[in-house]
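Participant: Here are the chains, one letter per residue:
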Amino acid sequence: MTKELGKDETLNCLLEAASVKWGKAEIREICSAFELAAEAIWKVEEFQLEPEEEPAHPATIFHRGRRGKE
Amino acid sequence: MDAFKLTLSEASRLIHGNELSPSELLESLLQRIDRLEPKLEAWVTIDQEGAIATAERYSKEAAEGKLRGPLHGIPIGVKDIYYTAGMRTTAGSKILSDFTPSYDATVVAKLKEAGAIVLGKTETTEFAAFDPAPTRNPWNTEHTPGGSSSGSAAAVSAGMCPAALGSQTGGSIIRPAAYCGIVGMKPTYGRISRYGVIPVSWSLDHLGTITRTVEDAALLLEVLAGHDPKDTTTSTLSIPPYRRAMDRLSPPRLGLLKKFFHESAHEEVRRNIEEATRRLGTAGAEVVETMLSRSFSAVHAAHRTVMITEAAAYHEETFRSRMKDYRPNLRGMIATGLLVPASTYLKAQRIRSQFIREIRSLLEGFDCLLTPATTTPAPKGMSSTGDPAFNSPWSFCGFPAITIPSGLTKDGLPLGIQLVGHPFDEERLLSVACWCERVLGFGHDPRDPK
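Keeping their order, the protein sequence lines are chains A and B. Just so you know, the first sequence maps onto residues 1 to 70 in our numbering. Just so you know, the second sequence maps onto residues 1 to 450 in our numbering.
Accuracy of the hints is not assured; some may be wrong.
Said to hold, decoys possible - 35 Å max Cα-Cα, derived DSBU-like pairs, lysine-lysine:
(1) B:Lys450 <-> B:Lys380
(2) B:Lys380 <-> B:Lys94
(3) B:Lys324 <-> B:Lys230
(4) B:Lys39 <-> B:Lys324
(5) B:Lys94 <-> A:Lys21
(6) B:Lys60 <-> B:Lys112
(7) B:Lys66 <-> B:Lys112
(8) A:Lys7 <-> B:Lys258
(9) A:Lys24 <-> B:Lys380
(10) B:Lys380 <-> B:Lys324
(11) B:Lys5 <-> B:Lys112
(12) B:Lys450 <-> B:Lys410
(13) B:Lys410 <-> B:Lys380
(14) B:Lys410 <-> B:Lys258
(15) A:Lys7 <-> B:Lys324
(16) B:Lys450 <-> B:Lys94
(17) B:Lys324 <-> A:Lys24
(18) B:Lys380 <-> B:Lys258
(19) B:Lys94 <-> B:Lys230
(20) A:Lys7 <-> B:Lys259
(21) A:Lys24 <-> B:Lys94
(22) B:Lys450 <-> B:Lys39
(23) B:Lys94 <-> B:Lys39
(24) B:Lys5 <-> B:Lys380
(25) B:Lys324 <-> A:Lys21
(26) A:Lys7 <-> B:Lys380
(27) B:Lys259 <-> B:Lys410
If you are wondering where the hints come from, they were derived from the structure by calculation, not from laboratory data.
Model the full assembly from the supplied sequences, consistent with the hints where possible.
Facilitator: Okay, here's the thing in structure tokens:
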């Protein structure tokens with residue numbers, strides 16, 4: 001959804017999906033949450049990571065780093 | 001003696017020395033609650049009857065020299081997201097308004113084993129997210145006490161109980177504790193079992209303590225910490241005697257984080273951290289400005305992404321049938337969380353891996369990192385519980401953090417500093433915090449609201 005999208009486009013995508021799921025009237029009251037989420041998703045997608053970086057996992061976040069780094 | 005003024009450690013010492021009975025302590029706290037609760041609304045449930053009966057039994061035991069543990073006969077407040085057998089657990093929500101668990105959360109069971117009396121359940125924002133509790137700040141009832149551990153912070157600050165349990169997913173222990181002029185500690189992720197506590201976000205939730213002193217935080221952590229087979233994320237590392245850290249105090253080496261933390265701070269917060277830094281330096285601490293890591297720029301976004309996605313996953317089923325029973329902030333959080341692509345969630349967790357590694361490296365050569373605890377003093381009004389931006393990075397990386405009070409604004413609202421320690425080295429963090437507490441010597445209490 002977000003790889004090539006800007007912040008506004010990400011927001012529009014979220015609002016569109018939400019309108020289909022819950023209807024426009026429901027979304028109006030919680031609109032600010034969509035702005036916050038769109039900004040977060042966009043920033044996460046924008047951030048450049050090295051390909052070998054693995055996701056943190058709750059049970060192991062202090063015991064597993066990037067392969068070969070710890 | 002005004003027993004409600006005693007710290008947790010003082011009360012423990014007096015009860016162990018037979019100079020104070022659990023019933024005397026409880027009576028003083030209940031009088032305090034009678035007087036202040038109508039103004040502060042810190043409690044969802046107060047188990048007056050049960051607490052009186054337990055205190056009477058424990059008073060007899062204490063008189064006979066039978067002490068159950070370090071918290072014998074001490075009433076404690078428990079945030080209303082912890083399961084308490086036979087005591088309602090509402091999570092501040094309409095959805096759980098009639099829910100009474102049949103068992104205790106692991107840490108509640110540990111409190112009871114140590115002799116504590118569960119005095120009642122303290123107010124929380126809805127499901128420990130962002131829709132405020134009714135609780136007011138004891139320092140000024142026109143201001144929020146912060147959240148989500150709103151009732152725990154207000155109750156401890158106002159002398160309704162000497163200590164309380166809180167939880168933090170973003171800044172829900174450190175922020176309310178700082179807004180209320182007391183000590184809040186969030187230990188390392190995995191230090192305290194989360195079993196039996198209603199989650200916001202499994203991988204970000206931390207349980208912790210709200211007390212009036214660092215020594216009290218150490219005492220409580222000794223009771224609560226440890227591996228729990230029911231929570232696979234808990235560490236098997238041994239638990240040091242944290243209170244002993246108070247006996248080995250020396251000036252620490254602190255890494256001062258200025259960028260972002262000073263830039264984003266309210267003017268009075270900035271002045272306070274500068275003054276605190278100066279005083280710590282004068283007393284012998286080595287304070288060195290250090291730079292934030294590269295991934296910090298994405299940390300708040302990644303934290304939010306993880307939080308809303310996990311919260312949505314937890315609430316999804318109930319949300320389908322009872323969407324309208326969630327208040328707007330949480331409703332929005334769940335609705336948006338359900339739309340986060342799996343690849344974005346995983347990328348946020350990958351950013352987390354990088355951030356953990358970078359912060360570990362940043363901490364090398366320092367005992368702790370130093371920042372202001374909050375962006376502003378407690379905001380006026382009850383529509384928001386304030387901004388967790390200075391706390392959520394440490395919930396994201398899981399490193400331990402503590403706040404201690406460091407001064408008052410010109411309007412008399414408390415401010416705090418935040419110290420961030422090495423993972424699973426709460427001993428050192430507590431020792432540094434205790435040293436700083438003594439140097440900064442806060443020494444203020446809120447005036448009782450009229």
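Participant: So, for every hint listed, does it hold in this structure?
Facilitator: Going through the hints against the structure:
1. B:Lys450 <-> B:Lys380: Holds, at about 18 Å.
2. B:Lys380 <-> B:Lys94: Holds - the C-alpha atoms of lysine 94 (chain B) and lysine 380 (chain B) are around 26 Å apart, at most 35 Å.
3. B:Lys324 <-> B:Lys230: Holds, at about 33 Å.
4. B:Lys39 <-> B:Lys324: This hinted pair holds, its Cα atoms lying about 29 Å apart.
5. B:Lys94 <-> A:Lys21: holds, 23 Å
6. B:Lys60 <-> B:Lys112: This hinted pair holds, its Cα atoms lying about 17 Å apart.
7. B:Lys66 <-> B:Lys112: holds, 15 Å
8. A:Lys7 <-> B:Lys258: Holds. Lysine 7 (chain A) to lysine 258 (chain B) sits at ~28 Å (cutoff 35 Å).
9. A:Lys24 <-> B:Lys380: holds, 33 Å
10. B:Lys380 <-> B:Lys324: holds, 28 Å
11. B:Lys5 <-> B:Lys112: holds, 22 Å
12. B:Lys450 <-> B:Lys410: holds, 20 Å
13. B:Lys410 <-> B:Lys380: holds, 14 Å
14. B:Lys410 <-> B:Lys258: holds, 23 Å
15. A:Lys7 <-> B:Lys324: holds, 28 Å
16. B:Lys450 <-> B:Lys94: Between lysine 450 (chain B) and lysine 94 (chain B) the Cα gap is close to 31 Å, so the pair holds against 35 Å.
17. B:Lys324 <-> A:Lys24: OK: lysine 324 (chain B) and lysine 24 (chain A) at ~14 Å, within 35 Å.
18. B:Lys380 <-> B:Lys258: Roughly 26 Å separates the two Cα atoms, so the pair holds.
19. B:Lys94 <-> B:Lys230: Within the cut-off at roughly 28 Å; holds.
20. A:Lys7 <-> B:Lys259: holds, 25 Å
21. A:Lys24 <-> B:Lys94: holds, 24 Å
22. B:Lys450 <-> B:Lys39: Distance ~8 Å between lysine 450 (chain B) and lysine 39 (chain B) Cα, so the pair holds.
23. B:Lys94 <-> B:Lys39: holds, 23 Å
24. B:Lys5 <-> B:Lys380: With a Cα-Cα distance of about 27 Å, the restraint between lysine 5 (chain B) and lysine 380 (chain B) holds, given a limit of 35 Å.
25. B:Lys324 <-> A:Lys21: holds, 14 Å
26. A:Lys7 <-> B:Lys380: OK: lysine 7 (chain A) and lysine 380 (chain B) at ~31 Å, within 35 Å.
27. B:Lys259 <-> B:Lys410: holds, 25 Å
Hint violations for this structure: none, all hints satisfied.
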